[in-house]
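Using the sequences and the accompanying hints, generate a full structural model.
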Amino acid sequence: MTDTKKTDPAVTLPAQATDSPEPLLKVTGLTKHFPITKGLLRRQSGAVKAVDGLDFDVRRGETLGVVGESGCGKSTMGRLITRLLEPTGGTIEFEGKDITHLGVAGMRPLRRDVQMIFQDPYGSLNPRHTVGTIVSAPFKLQNVTPEGGLKAEVQRLLSLVGLNPEHYNRYPHEFSGGQRQRIGIARALALKPKLVVADEPVSALDVSIQAQVVNLLDDLQQELGLTYVIIAHDLSVIRHVSDRIAVMYLGKIVELADNKSLYGEPMHPYTTALMSAVPVPDPRRRGAKSGRILLKGDVPSPISPPSGCRFHTRCWKATQICATQEPPLLALKAGHQVACHHPENAPDQAPDDKPLPGASDAVTTATD
Amino acid sequence: MTDPTTKTGETGALNQPYDGAPSSTAFLDVRDLKVHFPTEDGLVKSVDGLSFTLEKGRTLGIVGESGSGKSVTSLGIMGLHRVGQYGRQRARISGEIWLDGKELLSADEDEVRRLRGREIAMIFQDPLSAMHPYFTVGKQISEAYRVHHKVDKKAARKRAVELLDRVGIPEPHKRFDSYPHEFSGGMRQRAMIAMALVNNPELLIADEPTTALDVTVQAQILDLIRDLQKEFGSAVIMITHDLGVVAEMADELLVMYGGRCVERGTAEKVFYEPRHPYTWGLLGSMPRIDREQTERLIPVKGSPPSLINIPSGCAFNPRCPYADVPKGNVTRTVRPELTAQDDTGQDGTRHWSACHMSQEERTRIWTEEIAPKL
Numbered sequence: 001m002t003d004t005k006k007t008d009p010a011v012t013l014p015a016q017a018t019d020s021p022e023p024l025l026k027v028t029g030l031t032k033h034f035p036i037t038k039g040l041l042r043r044q045s046g047a048v049k050a051v052d053g054l055d056f057d058v059r060r061g062e063t064l065g066v067v068g069e070s071g072c073g074k075s076t077m078g079r080l081i082t083r084l085l086e087p088t089g090g091t092i093e094f095e096g097k098d099i100t101h102l103g104v105a106g107m108r109p110l111r112r113d114v115q116m117i118f119q120d121p122y123g124s125l126n127p128r129h130t131v132g133t134i135v136s137a138p139f140k141l142q143n144v145t146p147e148g149g150l151k152a153e154v155q156r157l158l159s160l161v162g163l164n165p166e167h168y169n170r171y172p173h174e175f176s177g178g179q180r181q182r183i184g185i186a187r188a189l190a191l192k193p194k195l196v197v198a199d200e201p202v203s204a205l206d207v208s209i210q211a212q213v214v215n216l217l218d219d220l221q222q223e224l225g226l227t228y229v230i231i232a233h234d235l236s237v238i239r240h241v242s243d244r245i246a247v248m249y250l251g252k253i254v255e256l257a258d259n260k261s262l263y264g265e266p267m268h269p270y271t272t273a274l275m276s277a278v279p280v281p282d283p284r285r286r287g288a289k290s291g292r293i294l295l296k297g298d299v300p301s302p303i304s305p306p307s308g309c310r311f312h313t314r315c316w317k318a319t320q321i322c323a324t325q326e327p328p329l330l331a332l333k334a335g336h337q338v339a340c341h342h343p344e345n346a347p348d349q350a351p352d353d354k355p356l357p358g359a360s361d362a363v364t365t366a367t368d
Numbered sequence: 001m002t003d004p005t006t007k008t009g010e011t012g013a014l015n016q017p018y019d020g021a022p023s024s025t026a027f028l029d030v031r032d033l034k035v036h037f038p039t040e041d042g043l044v045k046s047v048d049g050l051s052f053t054l055e056k057g058r059t060l061g062i063v064g065e066s067g068s069g070k071s072v073t074s075l076g077i078m079g080l081h082r083v084g085q086y087g088r089q090r091a092r093i094s095g096e097i098w099l100d101g102k103e104l105l106s107a108d109e110d111e112v113r114r115l116r117g118r119e120i121a122m123i124f125q126d127p128l129s130a131m132h133p134y135f136t137v138g139k140q141i142s143e144a145y146r147v148h149h150k151v152d153k154k155a156a157r158k159r160a161v162e163l164l165d166r167v168g169i170p171e172p173h174k175r176f177d178s179y180p181h182e183f184s185g186g187m188r189q190r191a192m193i194a195m196a197l198v199n200n201p202e203l204l205i206a207d208e209p210t211t212a213l214d215v216t217v218q219a220q221i222l223d224l225i226r227d228l229q230k231e232f233g234s235a236v237i238m239i240t241h242d243l244g245v246v247a248e249m250a251d252e253l254l255v256m257y258g259g260r261c262v263e264r265g266t267a268e269k270v271f272y273e274p275r276h277p278y279t280w281g282l283l284g285s286m287p288r289i290d291r292e293q294t295e296r297l298i299p300v301k302g303s304p305p306s307l308i309n310i311p312s313g314c315a316f317n318p319r320c321p322y323a324d325v326p327k328g329n330v331t332r333t334v335r336p337e338l339t340a341q342d343d344t345g346q347d348g349t350r351h352w353s354a355c356h357m358s359q360e361e362r363t364r365i366w367t368e369e370i371a372p373k374l
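From first to last, the protein sequence lines are chains E and G.
Sequential numbering of the first sequence, starting at 1, is according to full-length UniProt numbering.
Sequential numbering of the second sequence, starting at 1, is according to full-length UniProt numbering.
Everything hinted at is true.
In silico DSSO-like pairs for lysine-lysine, Cα to Cα no more than 30 angstroms straight-line:
1. G/K174 <-> E/K38
2. E/K260 <-> G/K373
3. G/K139 <-> G/K150
4. E/K296 <-> G/K174
Which bits of chain E does chain G cover? Going by a derived footprint, with three or more residues having C-beta under 8 angstroms, they are:
5. 212 to 220
6. 233 to 245
For the record, the hints were derived by calculation from the structure and aren't laboratory data.
All residues carry an ideal CB built from backbone N, CA and C; glycine is no exception.
Structural data, given as structure tokens:
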């Protein structure tokens, strides 16, 4: 129904696997620019291009992991697809319905189907409400009376996420961080959503608690047939929870692939660098990480992102074409899309191009 | 208690109360350190009897969950709990901290101030709150130098620029005059490392130095700390909750739980032959980037104990999956002491753990039940 929107020439739409019928969520050319205003008249002087043209699908029952460094736009993306932010451009379709510019009232019925789990279990629960009030809020807002009564349903939800149902009348401050995150999960699941967007659901938690919550999310998905979009910066967590993974850099998806394919044969140099930077919890590997790639410097500003491929300023494989022409997100292998002129583990897309001066100094390979 | 003349071998009094033993030859020797905070709700026993030693040129990783006493330990060594505002006693500290033959807890404030920043330096987690927003980065670094060296501003500036250059800040001459907010997170962390290293400290304490940073920047910073340690030969204490970071950095590992050490040994031993159920829990909880999706994580059930009511006996007992394994005639309310295993690490570091289960039992559980699932 939104065929007219497929106009962005820089982005080749992925050759989708035809076996999956209709995706639960379909995102096309999604952009979000936050205006920067200057002076008394608050004239717009620029924009933070937080999300700058995303195309992806979320299939039913899968977990899509979204990973990237801070400032890459992954959280903004999460807030866009849950429509907590108004997109600047592009379309979002949920179950075939265009929800890109629905108003608050228009979104209300959809809020039952799309829920969010937030990062900060301290900031996302109202300290003056009891757990019972917090978890029953979605029912009240949607005017739903669950079978067997509200209180019974809330207590069922609490025990579903591993909390004591008798703690119905307690306040958030009486719970630990991990327990609070469970309260947030219970609230998100109250209305039996189809899609749950979790923005860094475990990054504020200790390792042992993190594992409890990861397992809980996993169990709930099995039990309730949920679809997840999990946004995280931790590549190990993402590897553990995701079926497919999107790697973001400066507002763009640079690689989108199946779990196995991405971690086994990453194609984008940024993905490779990102992975080799993760410390491996194995002291015996310490000697054996020559060839580790260390990126230099910081991520450029999203206010004026680099021309062409946004990663070319830090990429050791960059050539002339990288600085001028933006690489499209192409499926170079079944289930593996990458936006790069010179991918690893795949044929070079621009083999005869001259290297950019200084590209070879862009990284150091640790040898010790 | 201040006689450092007679010396004995390493590992004299682990988790034992102070018995009058003289100082050891170790560069840093912490003995039965206790840091208790009196509060309205009761006494918070943040660190409750911690002992360890560390030699120059070595890195000790301290791991544990929030509230296990990692940071309080480091602040204790820095002497930052000594006197609170208006001379009020902030914390009750006991035990001994020997640094290079000097006992720090009984030393007077001036003495500690001379050491702090010069021989012991610290890298904090959050550089934005650790640096003063009103002063330029360069001024703060050169001030740290001038406090301990009688030099003029020009020489101090030269030294600060040299250090900024060493930690990889581009155009250090210009950046000297920047304010902390003008730096990115990674650069700020570099600047703080420069500040910590300006006096060539012999002991560097890094408290979650990379937790606030992205992985690519984390890799840069860890590399930098490693290079600098090689160059200056300092002893490093690396405090973190990230087992990946300690696996890359640490020679020795100390696992803390409820204010006490539950396991200590070489990184190799602790990762491959862990001897404490809590360490098993930490290893099982960790999603791994170097392995394909395993079935499930094996978390530790429950949550960390309150430091006001630390469980009697083994603090880990309420969460321990092996709490019901018969342990001979041991009473549950007795705290397990750290005991050394027979085997020693390659470099002579012994492997200590505090558990009531017999060593054979624990070796069996690890090799048969836990290791195959990881």
